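Asker: Below, each chain spelled out in residue letters.
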Amino acid sequence: MTALAGLIRKEVYHILRDRRTLVVIVALPVLQVILFGYAIRTDVDRVRLAVVDPSPDPMTLALRARLDAAGVFEIVTVSPTMDAIEPLFRRGEAQGAIVFEPDFAEHAGRGVPASLLIVADATEPNTGSIVQAYASAVVQAYEQEQTTRSRVVRIAPAVRMRFNPTRRSSNLFVPGLMAFVLTIVSSLMTAISLTREKETGTLEALLVSPLRPWQIIAGKVAPYVVVGFASVVGVIVEARLVFGVPLRGSAALLLAEGVLFILVSLSLGILISARTSSQRVAMLGALVGTMLPTMLLSGFIFPIESMPAPLRAISAVVPARWFVLVARSVMLKGTGLAYLWPATLILLAMALALLAASTRAFHERLEA
Amino acid sequence: MSDAPGGAAIDAHDLTRRFGSFTAVDRVTFAVRRGEVFGFLGANGAGKTTAIRMLTGLLSPSGGRATVAGHDVARDAERVKRDIGYMSQRFSLYEDLTVRENIRLYGGIYDLADREIRDRTARMLGRLGLEHAADSLVRAIPLGWRQKLAFSVALLHEPRVVFLDEPTSGVDPITRRQFWELIYEAAAAGTTVLVTTHYMDEAEYCDRISIMVAGRIAALGAPAELKARFQAPSIDDLFVRLARPAQ
Numbered sequence: 589m590t591a592l593a594g595l596i597r598k599e600v601y602h603i604l605r606d607r608r609t610l611v612v613i614v615a616l617p618v619l620q621v622i623l624f625g626y627a628i629r630t631d632v633d634r635v636r637l638a639v640v641d642p643s644p645d646p647m648t649l650a651l652r653a654r655l656d657a658a659g660v661f662e663i664v665t666v667s668p669t670m671d672a673i674e675p676l677f678r679r680g681e682a683q684g685a686i687v688f689e690p691d692f693a694e695h696a697g698r699g700v701p702a703s704l705l706i707v708a709d710a711t712e713p714n715t716g717s718i719v720q721a722y723a724s725a726v727v728q729a730y731e732q733e734q735t736t737r738s739r740v741v742r743i744a745p746a747v748r749m750r751f752n753p754t755r756r757s758s759n760l761f762v763p764g765l766m767a768f769v770l771t772i773v774s775s776l777m778t779a780i781s782l783t784r785e786k787e788t789g790t791l792e793a794l795l796v797s798p799l800r801p802w803q804i805i806a807g808k809v810a811p812y813v814v815v816g817f818a819s820v821v822g823v824i825v826e827a828r829l830v831f832g833v834p835l836r837g838s839a840a841l842l843l844a845e846g847v848l849f850i851l852v853s854l855s856l857g858i859l860i861s862a863r864t865s866s867q868r869v870a871m872l873g874a875l876v877g878t879m880l881p882t883m884l885l886s887g888f889i890f891p892i893e894s895m896p897a898p899l900r901a902i903s904a905v906v907p908a909r910w911f912v913l914v915a916r917s918v919m920l921k922g923t924g925l926a927y928l929w930p931a932t933l934i935l936l937a938m939a940l941a942l943l944a945a946s947t948r949a950f951h952e953r954l955e956a
Numbered sequence: 004m005s006d007a008p009g010g011a012a013i014d015a016h017d018l019t020r021r022f023g024s025f026t027a028v029d030r031v032t033f034a035v036r037r038g039e040v041f042g043f044l045g046a047n048g049a050g051k052t053t054a055i056r057m058l059t060g061l062l063s064p065s066g067g068r069a070t071v072a073g074h075d076v077a078r079d080a081e082r083v084k085r086d087i088g089y090m091s092q093r094f095s096l097y098e099d100l101t102v103r104e105n106i107r108l109y110g111g112i113y114d115l116a117d118r119e120i121r122d123r124t125a126r127m128l129g130r131l132g133l134e135h136a137a138d139s140l141v142r143a144i145p146l147g148w149r150q151k152l153a154f155s156v157a158l159l160h161e162p163r164v165v166f167l168d169e170p171t172s173g174v175d176p177i178t179r180r181q182f183w184e185l186i187y188e189a190a191a192a193g194t195t196v197l198v199t200t201h202y203m204d205e206a207e208y209c210d211r212i213s214i215m216v217a218g219r220i221a222a223l224g225a226p227a228e229l230k231a232r233f234q235a236p237s238i239d240d241l242f243v244r245l246a247r248p249a250q
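From first to last, the protein sequence lines stand for chains E and R. To convert a position in the first sequence, counted from 1, into this note's numbering, add 588. To convert a position in the second sequence, counted from 1, into this note's numbering, add 3.
No lab work stands behind these hints, which were simulated from the structure alone. Keep in mind it's a predicted model, so treat the numbers as computed, not measured. We put the CB at the ideal spot given by N, CA and C, even for glycine.
Per the computed footprint, the stretches of chain R lying under chain E, defined by three or more beta-carbons under 8 Å from a beta-carbon of chain E, are: (1) 55-69; (2) 72-85; (3) 94-104; (4) 111-118.
Here are some chain E residues the structure puts well away from chain R; computed CB gaps all over 12 Å: (5) Gly832; (6) Leu842; (7) Leu880.
Restraint ranges, calculated between C-beta atoms of paired labels, are given here: (8) E:His951 with R:Ala192: 30 to 38 Å; (9) E:Leu843 with R:Ser24: 50 to 58 Å; (10) R:Asp122 with E:Arg948: 37 to 45 Å; (11) E:Leu872 with R:Glu184: 43 to 51 Å; (12) R:Pro176 with E:Leu872: 36 to 44 Å; (13) R:Ser63 with E:Ala840: 41 to 49 Å; (14) R:Asp138 with E:Leu872: 33 to 41 Å; (15) E:Arg800 with R:Phe22: 18 to 26 Å.
Build out the structure end to end from the sequences listed, making use of the hints.
Answerer: Pasting the structure below:
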């Protein structure tokens, strides 16, 4: 075991003395949380909203007050007809409009669905859809509140939104970001540091020593597991402190799944380095083989449901997709292992298969 | 092998390695005595590296057999690895570790006790005159010293056989000379040395040499004996004459 301890110590020295890489490892997750949280966020606030209310009644007034109080909308004008709204849209002075039908309260009170039109400026599709979502959420909440046993209030349309009722994009990107950061630390760093040893010839010295291949791999990988683990904890804490992203489920479960995902990524890194002989090629391999799929096909940025079938099929073999699913469920819904075991099993199977493949690739390389 | 007693340090018999239809090492037979400095020559691609990889347990032979330090390389690779040292042309020290850290790392890899590592480190640094640089990063010390240090680290666990793969490439003549003094010292202490080189003057320093051409040993013997047998004025001439038809 002293040999392994020595190898790990040596790897720690490598990490600590390569200042530039260390800064990247430490600063990247911190920066990305900030970047995704502020610059790239898809949230909207102070959306300029126009209201068309032909016959103001207690119900429309209450709804207007709610929309105003939601913190997202700024009601720029209230008008009895649609005509006044059109120019506002054209000039960009309104980004959305809520149109009540006449006799809104009367319809709703009779149990007839009272119709309400949500108009959004779709030149910014993202803002448009979010306006729609926020407005629907406000309306729906009001509808539920007003409905009692004796009185049924129905308002159409209604879109159901749960778990992330405020539609905060930080809630959605943080789990994906964890996957991304782990991929960088685990796959990329492992691949680079192993190929560096190939380039400098030190790997050969290790290979002719009595060390077993698993010891060489374990010595290489162990420090990066710690670094990856620390990054995940850092991202969770930062997301919570800066953006108030919740952790509703078990922290232990989330971290355990994190370790599982780290193992998958590390094996991928070893696999990549076994097949490449220069740091540059390894970096490219890690980029194309792990980081791009994590970015594009894990549901981190683009929802998997809206992908065409072939891409959806491909995403099933992207490990990050399953980790993002698990992390989102644990963090936002508080889901436990009882529901997450299929995804966990998939990750476990991937970890075992990739570890076996990477150890074999390592052996094969020796024979070439 | 008339000149190799039963307990040869390296004993290869019909050692063969094929990659698909290509035979990189073709029925190579030779033996190296204990404490001998054996030069392993050959043009690039002649099969030297493949042969060394088999002898160091990195590559399994396709045919024939070989023992190193008394252990069969195919069946007992783990024990071979304990009894050999290795230093490659490309260096085997970590440049971002200090001299002392490198020594400690390799000492640990070969299961030396901490005390033993400390003692041997002190002795080695004293012998090399490197005490002042013990805590400098390897990348900060001159190439010649790095090379000598790498050799000493390869001998740290007192292996019975040491393989040196072009250990002096890129080193100035004075340092090369000093390096060979270290090799003789090790051989005098009973360590068997197998060394590959492209410097023909170095070939003359060896007790015996073999010249590999296209996977086979084309000549084997003491330098003086080979020059006489092939009527060549120098090993350089002999090497060029033997190696050329293969290119």
